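J.: Hey, can you work out the whole structure from these sequences and the hints?
2 protein chains.
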Amino acid sequence: MKNQNIKVAVDAVVFGYEKEQLFILLVQKKFGKSSNAWMLPGGMVQDDEGLQTAVNRELKEETGIEINYLEQLYTFGNDIYRDSRTRVISITYLALANPQKLQLKPSSKIKEAKWFNVNEMPSLAYDHSKFIKKGIERLKSKLSYQPIGFDLLDDEFPFSHLENLYKTILGKELDRRNFRKKIMSFGILEETNKKVSMGSGRPAKLFRFNKQKYRALEKEGIYFEIKYA
Amino acid sequence: MKNQNIKVAVDAVVFGYEKEQLFILLVQKKFGKSSNAWMLPGGMVQDDEGLQTAVNRELKEETGIEINYLEQLYTFGNDIYRDSRTRVISITYLALANPQKLQLKPSSKIKEAKWFNVNEMPSLAYDHSKFIKKGIERLKSKLSYQPIGFDLLDDEFPFSHLENLYKTILGKELDRRNFRKKIMSFGILEETNKKVSMGSGRPAKLFRFNKQKYRALEKEGIYFEIKYA
DNA sequence: ACAAAAGTGTTCGCTTTACACCCATGT
DNA sequence: ACATGGGTGTAAAGCGAACACTTTTGT
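As you go down the protein sequences, you meet chains A and B in turn.
Count the first sequence with this note's numbering and you get residues 1 to 229, in order.
Count the second sequence with this note's numbering and you get residues 1 to 229, in order.
I should point out that these hints are in silico values taken from the structure, not numbers from a laboratory.
Errors might be hidden in some of the hints.
Since the list can't tell identical chains apart, any single copy or any two copies may satisfy a pair.
Claimed, not checked - Derived lysine-lysine pairs resembling PhoX-like cross-links, with alpha carbons at most 20 Å apart: (1) 142 / 227; (2) 182 / 227; (3) 219 / 140.
For clarity, every value in this text was computed on a predicted model and none was experimentally measured.
T.: In structure tokens:
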């Protein structure tokens, strides 16, 4: 077999949620061909690191962000010209994070890292908009059969934040009472005895997602599912 | 960036179904390191072909089989020593086929291609048993929310074949009447006016899956779902 | 006292489930 | 006539959908 010459990259679609808006993290490189274009964080995989290690490294190097959830999304490699220089395939990952702290490393090859509202994305380098489309699809569908929404919220959150997250991401209205009943019925939310005032109106209890309990229930064959999708 | 040296392979988990048994297609190579071990069909991607093209080519070269359904499964590349010679990542695909005709090409690098019952798999080269595990999981879950079972059956089939397919793959008993009612309610099965005698007992009508109709219904937002999973 | 968000139950309809008998053919 | 698998309906229970008022706070 002739010597193969295909490069392997990883890229991440990192979602953040804040103030009833869904964001995606993009970066702008300092050097290189696409140094003016916005793109997803990512880069070439090193010979001595696993794929997931590579994503984590790139995310740390390029954005310094803390990731709450990471899963493989899709591998793009049908279009052999997707990168105009050499053949590159990209293994993409979906990540969830709290949108706060981005800390660009001083040594970084990154000019800027910034959150963009999913509805106001700039034009993107390579075929990264395809990656994002795939990411959004996956996020939407996953939301309704796995409790990953919590990884987009603070550790402790008022119930309305969860409700709004579902509304925002799924782009649908949903019945407050039914939604709450459903989520509560799983018994995976712990009530703290703290409250927060949300500016005006009655203060809300803070809840916390109990991951152990969820894993236990999952083993018993009781599955999370939100039908209002 | 230093020159990257990672090889890119594709491998396929090809499922076949016959006589109430689920099979996976394995091959044995004529030459090379693992020439005595059974493995999944697949191989290195060529520089000038897309990933999916590569799987199709390998399947044709190695087994000559006709594929009814193909989707990307998962990309394995966290373990950097999964192939002991060089770093290789594998993009795996899930495929469905009718188990009949395998035609090894005379020129082929393959010694033998053979269907194995999923419950009687030999030991496999590399980490291919992980690939299979992933494939089975995916097949099971997909069966309950997409009408892909038909791609494992003949074009025209008696209803009981479909029923047994679900029973076999999901490994569960299911109620004949409820199952039939459910499937029929989607209106995606066309009745032919042929019948087959299944040896003994009343002859069964033959049905045909109407793909156009399914696509149409899908667009209207009516989704296939079998709850008995 | 008023505005604003949090919190909470009940009824109705549809879907799922459980369940058993007759039908058409081959031997 | 009997054995074998094909084909079908109905009743009960559980789940999803629709719906509005009370509570607690800040101003």
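J.: If a hint holds in the structure, say so; if it doesn't, say that too.
T.: Hint by hint, here is what the structure shows:
no., hint, result
1, 142 / 227, "both (12 Å within a copy, 18 Å between copies)"
2, 182 / 227, "both (9 Å within a copy, 19 Å between copies)"
3, 219 / 140, "between (24 Å within a copy, 18 Å between copies)"
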